[in-house]
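K.L.:
Given the sequences, and given the hints that come with them, work out the whole structure.
2 protein chains.
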Amino acid sequence: MSYRVLDCESVTEHLRKIPSIKEFFEDDELTAEEIGDGNLNFVYIVRGVKEPSKSLIVKQAVPYLRCAGEEFPLSKERMKYEIRALQSYDIHAPKIYHADEEMSLVVMEHLKDHMILRKGLIEKREYKNFADHISSFLAHTLFKTSSLYLQSDKKRALIDRFNSNTELCKLTEDFVFTFPYMENETNFIEPMCQNEAKELFADNLFKKRVMELKYIFMTRSDALLHGDLHTGSIMVNDEETYVIDPEFAFVGPFGFDIGALFANLLSAYISHRYRSGDELYREWLLSLITEIWSGFEEKFLQLWSETEQSALVTKGFLDDNMLKHFKREFMLNILRQSAGFAGCKMARRVFGIAGVEEIRGIDDPKKRKAAMMQALRTGRSLVMEYEKITAAKDLLLIAKESE
Amino acid sequence: MSYRVLDCESVTEHLRKIPSIKEFFEDDELTAEEIGDGNLNFVYIVRGVKEPSKSLIVKQAVPYLRCAGEEFPLSKERMKYEIRALQSYDIHAPKIYHADEEMSLVVMEHLKDHMILRKGLIEKREYKNFADHISSFLAHTLFKTSSLYLQSDKKRALIDRFNSNTELCKLTEDFVFTFPYMENETNFIEPMCQNEAKELFADNLFKKRVMELKYIFMTRSDALLHGDLHTGSIMVNDEETYVIDPEFAFVGPFGFDIGALFANLLSAYISHRYRSGDELYREWLLSLITEIWSGFEEKFLQLWSETEQSALVTKGFLDDNMLKHFKREFMLNILRQSAGFAGCKMARRVFGIAGVEEIRGIDDPKKRKAAMMQALRTGRSLVMEYEKITAAKDLLLIAKESE
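Chains A and B, in that order, are what the protein sequence lines are. Per the numbering used here, residue 1 is the first one in the first sequence, and the count goes up by one each step. Per the numbering used here, residue 1001 is the first one in the second sequence, and the count goes up by one each step.
These are calculated hints, taken from the structure and not from any lab test. Any given hint might turn out to be false.
[To be verified] Below, computed lysine to any residue pairings styled on SDA-like, alpha-carbon distance capped at 25 Å: (1) B:K1208 / A:S152; (2) B:K1144 / A:E167; (3) B:K1369 / B:K1388; (4) A:K324 / B:N1204; (5) B:K1324 / A:G36; (6) B:K1388 / A:L205; (7) B:K1388 / A:H325.
[As the list claims (entries may be wrong)] Footprint (simulated), chain B over chain A, 3 or more residues, beta carbon under 8 Å: (8) 169-178; (9) 200-209; (10) 311-321.
Since this is a predicted model, take the numbers as computed values, not measurements. Built from N, CA and C at the ideal position, the CB exists for glycine as well.
P.N.:
Here is the structure:
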């Protein structure tokens, strides 16, 4: 069906005709409510009229930034990549009931009893299964879309499906790796931080390393990335974890999603020095990083050990001992790269267009500035030191030394 | 036009209808002669009947390896990538008169007064302009198809055009990075070399590093590569240099083409120890490597200095001093990677399916074996040491230490 923008009325008419949706609602009439929490897209909750406890989420992309209006064009093609990524996830992602690339539309499981992780961490909630779940998601998604698992033709076909997500990759190139470190009209610099911003913008040694990481981001095709895996792209409760919103998906460097996640956990850690002052909670946040890494490494290596033949590995090419050695170095490189990207992801939040609520939302200006500067120090250290890291706990040391 | 295989008769009928060809031959009648020097494709010289000095080369791919017959299928799609690569070259490539992806057909300038470089080097010819020409070709082609020159959208569009050259990339993965270092039925191991082959196949430290380079080959998208830039893919005379046969073209790591070229010059250098024993000529061959590198580096950096804005570089992001530092490290990384790939390209020729004429063609078995072992030592050293290289002359030292 050719593209048209839906609204609360037309969305129910549209869905009524789709067999998988009809089946879900058991032929009940539908009602839709727009919810305002999508920055980029229109998002509706669609419910059954007789049985309103039955509900689904509908997302439709429009050819502009929903939160900014039609004068901020952004190709609705982004939904194509979100759909393709969601369809490729086999764990910890919402169930997809219907997807239509032409309509830039996806209908998925309604996560009613879950909270955006960022919000949960601001509220000092602990999620005992989160590290296990998210490390499974990362290990499965990254391994099974890499040349360690796929054959060459399948890997190239995967690249084909995501290569043209140009516009959103460009947003990352600009807003993670470039603009937040130089004079740019998109930055958000509070008057009290003008000097610190100038200092950062003059820090050429740091910026040179950011540019190296930007180059890695642009030219490595290790695996299918979510592309924007911050704590606002994860929904959780005590039992379950869901990864959502992969519109930035593309085939990129292994460490980028892991780094994004680490950066956001470190932001939460820093914010609670100034928000709650709860040191036990802060330690729990830090422990997530080592737990996620060790879970990721273990599961990734487990999947690798089950794979004898792939684009990279030919059965019998290396003896067991050397293959083990190869894998150890391979994992260490992913960890280092993750730390480097984590550094960029933290530093860009300080003066860049997109801040994080846990820090920019601190009311007291002095505390807010202190948190921002601590985030900047941590991010900078990660960028400067990432190649020397030898274990996940080194990230914790860097975070503590930057207090 | 839908695909059909042409022969000496139908090729002239086919070309007669194409305006650019008619114009070239000024409406003369055409006659075609098949020449047997294509391994993969059918190649014809087409001449004017009245003016036989006017001639063009016609290449058509068939869905199998021409030299091996129909039982060795190879997708004719390869011609698509050869056409696209030839069309993207702006210097040191034959002029294209007609190209038809559907017909897997290309019509190009007939290089009548030129010799395949490999043959020229076996015959001990010197080409005084070659280093200058080929370094220009490499600098222009690699720089202008990289993220240092292109904007992100153009770079992604370029990747799109070559990403599906799966079959030929897979040939490189197998026949450069895998099979020549393990027991495999495709290898060519003379009885006198059985022990040395066994030794190589058991050299797990070397093979681990080959696997690292294979991973780089598979997952870096720096620039558009020729993909098979050995001395058989270059035609020369005293005045001119032409790069031909880019059917392996894809967007890959910067160092792969440079490495292929270095490997073949080193092979020629080694072969003349046993062929001519001419030390002066051997020194000239080695000097090509440093000359090509310094020419490449200078021209690449010159193009970079003319480019203020690209996917990677944003004007004003780094100060001049730090940008210079960034560029220096960037070039050193290309040199190192080139040396590593050169090592693989040399080592794979020793026991792999595809040998080089200058070494496998040495008649005396003792000398041939000595040359092979020297090539293997040189290749192995390059693979083991490439990350420590600091200048192009280090490759010469490695070559001499492996005598």
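K.L.:
Please go over all the hints and tell whether each is borne out by the structure.
P.N.:
Cross-check of the supplied hints:
Taking the CA atoms of K1208 of chain B and S152 of chain A, the gap is about 19 Å. The hint holds against a cut of 25 Å. The hinted pair formed by K1144 of chain B and E167 of chain A meets the criterion: a straight-line CA distance of about 21 Å does not exceed 25 Å. Using a Cα cut-off of 25 Å, the hinted pair K1369 of chain B and K1388 of chain B is violated, with the two alpha carbons roughly 29 Å apart. About 12 Å separates the Cα atoms of K324 of chain A and N1204 of chain B, which keeps this hinted pair within 25 Å; it holds.
Distance hint between K1324 of chain B and G36 of chain A is unfulfilled; the C-alpha atoms sit about 48 Å from each other, more than 25 Å. Of the supplied pair hints, the one linking K1388 of chain B and L205 of chain A holds, its CA atoms being roughly 23 Å apart against a limit of 25 Å. Under the criterion of a C-alpha separation no larger than 25 Å, the hint pairing K1388 of chain B with H325 of chain A is consistent with the structure, at around 20 Å. Beta-carbon proximity to chain B at under 8 Å applies to 4 residues in the segment 169-178 of chain A; the threshold of 3 is reached and the given coverage holds.
Closer than 8 Å: that is the beta-carbon criterion, and the segment 200-209 of chain A has 4 residues meeting it against chain B, so the requirement of 3 holds. Counting residues of the segment 311-321 of chain A whose CB lies closer than 8 Å to any CB of chain B gives 9, so the stated coverage by that chain holds, three being the minimum.
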